[in-house]
Amino acid sequence: MTILALDWFLLIEKLILIAVIIFASLGVALYTTFAERKVAAILQDRPGPNRAGPFGLLQPLADGLKLITKEEIIPTHANKWLFILGPGLAMTAALMTCAVVPWGGTIDVMGHKVDLQIADINIGILYVFAVVSMGVYGVMIGGWASNNKFSLMAALRGASQAISYELAMGLSLIALLMITGSLSLRTIVEQQVGHVWNIVYQPVGFLIFFICALAECNRTPFDLPEAENELNFGYHQEYSSMKLGFYLFSEYINMFISSTIMATMFFGGYDLPFVTSHLTNPGTAAIVGIVVLMTKVVMFIFLFMWIRWTIPRFRYDQLMDLGWKKMIPLALANMLVTGFFILLKQNNWHF
Amino acid sequence: MQALTNRAKQVERAPMTFIEQLYLWNIVKGMAITFMHMFKKQPTIRYPEQKREFSPVFRGLHVLNRDEEGKERCTACGLCAVACPAEAITMEAAERLEGEENLYREEKYAAKYEINMLRCIFCGLCEEACPKDAIYLSETFTPADFNRKNFIYKKTDLLIPNPTTDAQGFAAAKGLN
Ligand code: SF4
Ligand code: SF4
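First to last, the protein sequences are chains A and B. Count along the first sequence starting at 1, add 50, and that's the number in my numbering. Count along the second sequence starting at 1, add 1147, and that's the number in my numbering.
None of these hints come from the bench; they were simulated from the model. This list has only true hints and no planted wrong ones.
The following label-pair restraints were derived from C-beta to C-beta distances:
id, chain 1, residue 1, chain 2, residue 2, range
1, B, Glu-1254, A, Lys-116, 57 to 67 Å
2, A, Leu-386, B, Lys-1187, 44 to 54 Å
3, B, Pro-1190, A, Arg-101, 11 to 21 Å
4, A, Tyr-81, B, Phe-1205, 38 to 48 Å
5, B, Lys-1188, A, Glu-121, 38 to 48 Å
6, B, Glu-1200, A, Ile-213, 53 to 63 Å
7, A, Arg-96, B, Thr-1289, 16 to 26 Å
8, B, Ile-1174, A, Ala-169, 35 to 45 Å
9, B, Phe-1205, A, Arg-96, 20 to 30 Å
10, B, Asn-1309, A, Leu-108, 43 to 53 Å
11, A, Lys-375, B, Glu-1200, 52 to 62 Å
12, B, Thr-1191, A, Ser-290, 23 to 33 Å
Cβ atoms here follow ideal geometry from the backbone N, Cα and C, with glycine treated the same way.
Using the sequences and the hints, build the whole thing.
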């Protein structure tokens, strides 16, 4: 199978995997919008969208169709190229993170071992951080290019928020990485299979990570860039049609990806306690793995929504206060305590 | 200061406790409240399938009445138009001719009778004003159309079915069955 020194099977396998994962992410994002509306409705004692199809299940398609058929407006004073680049960047950055997530174990296809992961790079987590922080450029560029005061304000807020919370997020992860000793997401998952999950070692770390993930995804209570009542509609105020759709979609994909990362880092990824390590058939293990991972992700997404429909938005100064004066010191302390215990363990629990 | 009612409540200005300052515990409490709402009964009425019960005096779209022999009751006296605060009713009177006794109850009748449903505020004053029991407000509501012109209801839209030709429709319009 090696022509021109290229492993064609690998190429095709990865292409198929990329296509599947991108379309799956889009589908998930589509139905997350629906889930959001349903969850919001149920938490507020109403039925939610229930007209399009059985239980309103076709609602996201109707929404998508509506967005596509809307008129595309580029404001006269907007910077045209940046205006188009903004949503594209937001969407690309959101989708690129899927590349390093291990969706399941290894399966056998025609005698080849296929990892259910696009790229098992050894700096997986750093890659996720790099790409996620690129996502904020989508917000910034979109807000800047719109040439609208409200959008610009929102973009500024979004950028400063993302920067502040990325710090605490990174610090909380360092503590975790000190335990795992690896940056590869697959290794991190495999360490948890059959053992206790990382959440047991790092409850505070998880809390910080989760709060920062809310902030990174611009979800309530950290949805300042889209604060409807203060900034009209935030950074995508001037956007219409599918460009707006891209922004909205990228938010939901980001949510999906953060849930996946959290499940992977802290909750054992595709591991089902007491079961996964006993499955000998790789095919079954892979399927069970995907189902388990998806269940965890869905639970996280529900948590995101549940929080959104419970808590009001932070004021801007409270947001900065929480980020710089609470989260970062807490993450630092968490790191120190973790380091202390690791040293203690290496010393066989002697001082 | 003397409180005017016994419902006055002292505002508590105690400094926040440590737990409250952490804010997390309060979030958890709030989330418990929203979670419990998942199991609450929804007050929603799923409209096109389910309908809200109307009160007996509900005022919907108008109908023009006929008597038991199918004769139109309206005599084009114009009292309803005068009573109407929204000036939604217009009519033209005509004299009943020989041989039209089975069509119109009185010697004068409304040749043209129009209600502009976009002007109407459904106050029911026309119903009150009518000396001949000719106009009634029914329980039909929410008409929808693409065209403003179609909201000006003509006599053909307003008259209830004739009991001599469509006994069932007449009974239904009268609410007899
Ligand atoms: S219901 Fe009131 S507003 Fe409507 S036509 Fe009768 S009198 Fe006029
Ligand atoms: S509906 Fe009644 S009030 Fe109006 S013109 Fe006819 S008879 Fe007179």
